[in-house]
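Enquirer: What follows is the residue order along each chain.
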Amino acid sequence: MNEMIMPFILTLDATLRLASPLMLCAMAGIFAERSGIVDISLEGKLLSGAFVAAAVTTASGSVWVGLGAAMIATMSLSALHGFATITHRGDQVVSGLAINMLAMGLTIVVGHAVYGRGGQTPALTNDLRFSPNTLWLSDMLKDVPLLGPIYSELLSGHNLLVYLALISVPATAFILYRTRFGLRLRAVGEVPEAVDTAGISVFWLRYRALILGGLLCGIAGAYLSVALGAGFAREMSAGKGYIALAAVIFGNWRPFRALGACLMFGFLESLSTRLEGVELPLVGELPTQLMLALPYVLTVLLLAGFIGRPTPPAAIGQPYIK
Amino acid sequence: MFKSLGTPPPLPRWAEVLLLPLINIAVAFLACAVVIWALGENPREVLWTLFQGPFLYPGNLGYTLYYATNFIFTGLAVAVAFHAKLFNIGGEGQVTLGGLGVGLLVMSLGPTLPAILMVPMVILVSAAFGALWALIPGYLQAYRGSHIVITTIMFNFIASAIMVSLLSGPMMQPGQMSPQTPPFPSNAVLHKTHDVLHWLGFDQVANSPMNLSFFVALLALVGTWMLIWRTRLGYEIRGIGNNPDAAHYAGIRVPRIVLLTMAISGALAGMMALNEVAGAQQRVILNFSGQYGFVGIAVALIGRNHPVGILLASLLFGALYQGGTEIDFNYQSITREMVTLIQGLIILFSGALYYMFDPWLARILALILPRKANPEGGPS
Numbered sequence: 010m011n012e013m014i015m016p017f018i019l020t021l022d023a024t025l026r027l028a029s030p031l032m033l034c035a036m037a038g039i040f041a042e043r044s045g046i047v048d049i050s051l052e053g054k055l056l057s058g059a060f061v062a063a064a065v066t067t068a069s070g071s072v073w074v075g076l077g078a079a080m081i082a083t084m085s086l087s088a089l090h091g092f093a094t095i096t097h098r099g100d101q102v103v104s105g106l107a108i109n110m111l112a113m114g115l116t117i118v119v120g121h122a123v124y125g126r127g128g129q130t131p132a133l134t135n136d137l138r139f140s141p142n143t144l145w146l147s148d149m150l151k152d153v154p155l156l157g158p159i160y161s162e163l164l165s166g167h168n169l170l171v172y173l174a175l176i177s178v179p180a181t182a183f184i185l186y187r188t189r190f191g192l193r194l195r196a197v198g199e200v201p202e203a204v205d206t207a208g209i210s211v212f213w214l215r216y217r218a219l220i221l222g223g224l225l226c227g228i229a230g231a232y233l234s235v236a237l238g239a240g241f242a243r244e245m246s247a248g249k250g251y252i253a254l255a256a257v258i259f260g261n262w263r264p265f266r267a268l269g270a271c272l273m274f275g276f277l278e279s280l281s282t283r284l285e286g287v288e289l290p291l292v293g294e295l296p297t298q299l300m301l302a303l304p305y306v307l308t309v310l311l312l313a314g315f316i317g318r319p320t321p322p323a324a325i326g327q328p329y330i331k
Numbered sequence: 169m170f171k172s173l174g175t176p177p178p179l180p181r182w183a184e185v186l187l188l189p190l191i192n193i194a195v196a197f198l199a200c201a202v203v204i205w206a207l208g209e210n211p212r213e214v215l216w217t218l219f220q221g222p223f224l225y226p227g228n229l230g231y232t233l234y235y236a237t238n239f240i241f242t243g244l245a246v247a248v249a250f251h252a253k254l255f256n257i258g259g260e261g262q263v264t265l266g267g268l269g270v271g272l273l274v275m276s277l278g279p280t281l282p283a284i285l286m287v288p289m290v291i292l293v294s295a296a297f298g299a300l301w302a303l304i305p306g307y308l309q310a311y312r313g314s315h316i317v318i319t320t321i322m323f324n325f326i327a328s329a330i331m332v333s334l335l336s337g338p339m340m341q342p343g344q345m346s347p348q349t350p351p352f353p354s355n356a357v358l359h360k361t362h363d364v365l366h367w368l369g370f371d372q373v374a375n376s377p378m379n380l381s382f383f384v385a386l387l388a389l390v391g392t393w394m395l396i397w398r399t400r401l402g403y404e405i406r407g408i409g410n411n412p413d414a415a416h417y418a419g420i421r422v423p424r425i426v427l428l429t430m431a432i433s434g435a436l437a438g439m440m441a442l443n444e445v446a447g448a449q450q451r452v453i454l455n456f457s458g459q460y461g462f463v464g465i466a467v468a469l470i471g472r473n474h475p476v477g478i479l480l481a482s483l484l485f486g487a488l489y490q491g492g493t494e495i496d497f498n499y500q501s502i503t504r505e506m507v508t509l510i511q512g513l514i515i516l517f518s519g520a521l522y523y524m525f526d527p528w529l530a531r532i533l534a535l536i537l538p539r540k541a542n543p544e545g546g547p548s
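Going down the list, the sequences are from chains P and W. Heads up: the first sequence at position 252 corresponds to 261 in the numbering used here, and the numbers run straight through without jumps. Heads up: the second sequence at position 217 corresponds to 385 in the numbering used here, and the numbers run straight through without jumps.
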């Protein structure tokens with residue numbers, strides 16, 4: 010029996026691996042957007058996080074230092090986004106776009122100047138990566154029917170950052186819905202005037218939301234280059250930041266629904282790699298490239314009100330003028 | 169901080185149009201110079217190479233104008249939408265669709281029609297496909313309430329997926345491994361400028377990918393100016409850009425104008441395919457859109473959405489692109505992606521941080537310039 014469900018388990022396993030950076034970035038997007046700031050710079054932050062993590066890990070010889078540096082780098086980019094859009098009331102989309110281009114240019118230029126070979130960082134050995142962890146008792150439970158493989162193959166055997174990504178979702182939900190900061194954060198994205206009248210700084214709240222998001226993007230970037238991969242390659246984020254943004258919208262700006270969207274998008278990606286060139290009975294070979302575009306198509310349909318109605322934060326995209 | 173200084177005086181028009189963009193560009197280059205210096209190269213030398221790019225070798229000027237053609241189309245596309253306060257960041261996808269349309273047309277008609285019929289059709293189809301790809305997000309914004317920024321971003325990715333599956337499937341050249349169509353027959357191409365000039369007797373002109381679509385781009389510049397400032401539609405576009413409610417009460421049908429604006433914007437973006445697909449490559453190759461759709465935003469920001477500004481900004485960016493290739497040749501440690509960095513900085517300073525320099529410049533100018541009598545008569 011366990012042999013029969015193995016292909017499904019392995020597809021779901023790949024889903025989890027592919028969805029992890031999406032989850033982290035989506036939670037970052039939720040913090041930013043629930044505070045009223047459009048954040049299309051998730052992509053650029055993910056990319057720079059990946060580069061800094063790989064470069065600093067190579068230089069320092071410690072993956073933890075790399076992770077820390079990545080978080081600092083992405084938090085600085087978030088602060089820049091905040092400086093442009095909160096302090097100087099610049100257009101949030103334009104600022105995000107600028108950060109994405111900066112990230113793309115900087116990672117390639119600096120990577121090429123330091124490492125040559127087209128901006129790739131040297132391949133990292135396994136002790137310089139977040140390598141898979143085997144969960145407690147996983148070997149012993151392997152042969153239990155059904156639950157055994159789910160535990161030992163699907164849940165066990167991932168690197169630390171995957172678990173961090175999984176924890177980030179309930180953590181985000183807790184912060185948003187169960188803390189004073191979260192209440193204020195949601196309020197500032199809906200009616201910033203009310204928050205201001207209550208004597209709370211709209212600017213500082215939004216800055217904190219963005220920087221918290223930056224921290225999560227840093228982890229996501231490190232995941233790409235020092236956990237899932239073994240080094241940085243140019244344009245390695247490959248649109249994942251935008252997919253995470255789509256997941257935020259698809260999840261109606263709520264953590265658990267966004268998690269569902271991330272898992273669905275990750276599943277589509279793992280399915281499309283699995284089905285590439287495979288002839289299926291009745292339908293033949295599926296257009297796997299078009300399957301990769303499904304997250305975007307679904308998000309467009311959702312936004313157009315064909316599947317449910319999205320309710321974005323009311324004050325999103327508008328700079329606050331005191 | 170600003171409150172204590174009072175509201176800054178309004179910026180004189182010439183300063184807003186000329187001085188501020190120049191300051192923004194200068195700051196962007198300054199930031200870039202810091203990066204070059206940090207990488208251990210001489211910023212002055214590198215940037216000088218970048219600026220000399222168009223003039224170093226014969227043919228470089230042609231390359232510069234060839235790059236500029238792309239920027240004119242995508243810059244105009246962004247600018248037209250900006251006039252209606254619509255942010256079309258889907259230029260990339262519209263360019264892709266324009267190219268696919270041209271490819272489909274040429275591959276289905278083949279070399280049957282004479283060039284005099286075929287070339288106008290190529291131009292029309294590139295515009296029509298681009299328009300279609302912008303029309304859908306326009307429709308969704310106007311009638312279904314979804315936000316155009318998000319939809320156009322999504323449409324970029326959908327376009328690229330369609331492109332990959334078509335170019336590696338039905339449209340792929342038989343017997344080839346790379347995703348590209350067979351070369352176009354000569355009735356469907358926009359000829360290279362140097363070929364035309366050689367034919368006219370100017371034998372000295374060096375080869376470059378610049379082609380006749382540059383002149384289509386110039387026509388598009390004039391056409392856009394006419395449209396925005398000399399037609400009723402242009403008035404309505406600016407109307408909904410300035411105040412959609414007022415426009416609505418003045419009898420302008422806002423959703424209809426949103427649709428038309430997006431269609432025109434997409435058509436302009438789609439026509440960039442003329443330069444790359446019908447002119448330079450003479451076939452559809454994967455990713456020919458090459459981020460030009462995004463850079464169009466920088467071009468429109470620098471050019472202040474005016475055709476003259478867009479022409480100047482396109483020439484500047486064309487020169488930078490050509491300079492980028494020279495940097496690749498001349499420097500070991502610096503690559504042409506330096507230009508992407510500069511573009512990012514330009515978008516940052518002239519777009520997102522636009523309001524950072526504006527009040528300070530206004531105050532400084534107010535100190536330097538002779539005071540005019542205050543026409544309103546209020547306290548100044």
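It cannot be assumed that every hint is accurate.
Example chain P residues on the side facing chain W (calculated, C-beta under 10 Å, incomplete) [what the hints assert, rightly or not]:
no.	residue
1	Gln101
2	Met113
3	Val118
4	Val200
5	Ile209
6	Ser210
7	Val306
8	Leu312
9	Ala323
10	Ala324
11	Gln327
Pairwise CB distance ranges (calculated) [stated by the list, open to error]:
no.	chain 1	residue 1	chain 2	residue 2	range
12	W	Leu368	P	Ile316	54 to 62 Å
13	P	Thr282	W	Met289	52 to 60 Å
14	W	Pro351	P	Gly125	50 to 58 Å
Sample of chain P residues with no beta-carbon within 10 Å of chain W, all distances over it, derived [stated by the list, open to error]:
no.	residue
15	Asp152
16	Ser165
17	Glu199
18	Pro290
19	Gln298
20	Ala302
If you're looking for bench data, these hints aren't it; they were derived computationally from the structure. Quick caveat: nothing in here was measured; it's all calculated off a predicted structure. Yeah, the Cβ is synthetic: ideal placement off N, Cα and C, and Gly gets one too.
Enquirer: Which of the numbered hints above does this structure break?
Expert: Those not satisfied are hints 4, 5, 6, 9, 10, 11, 13, 14, 19, 20.
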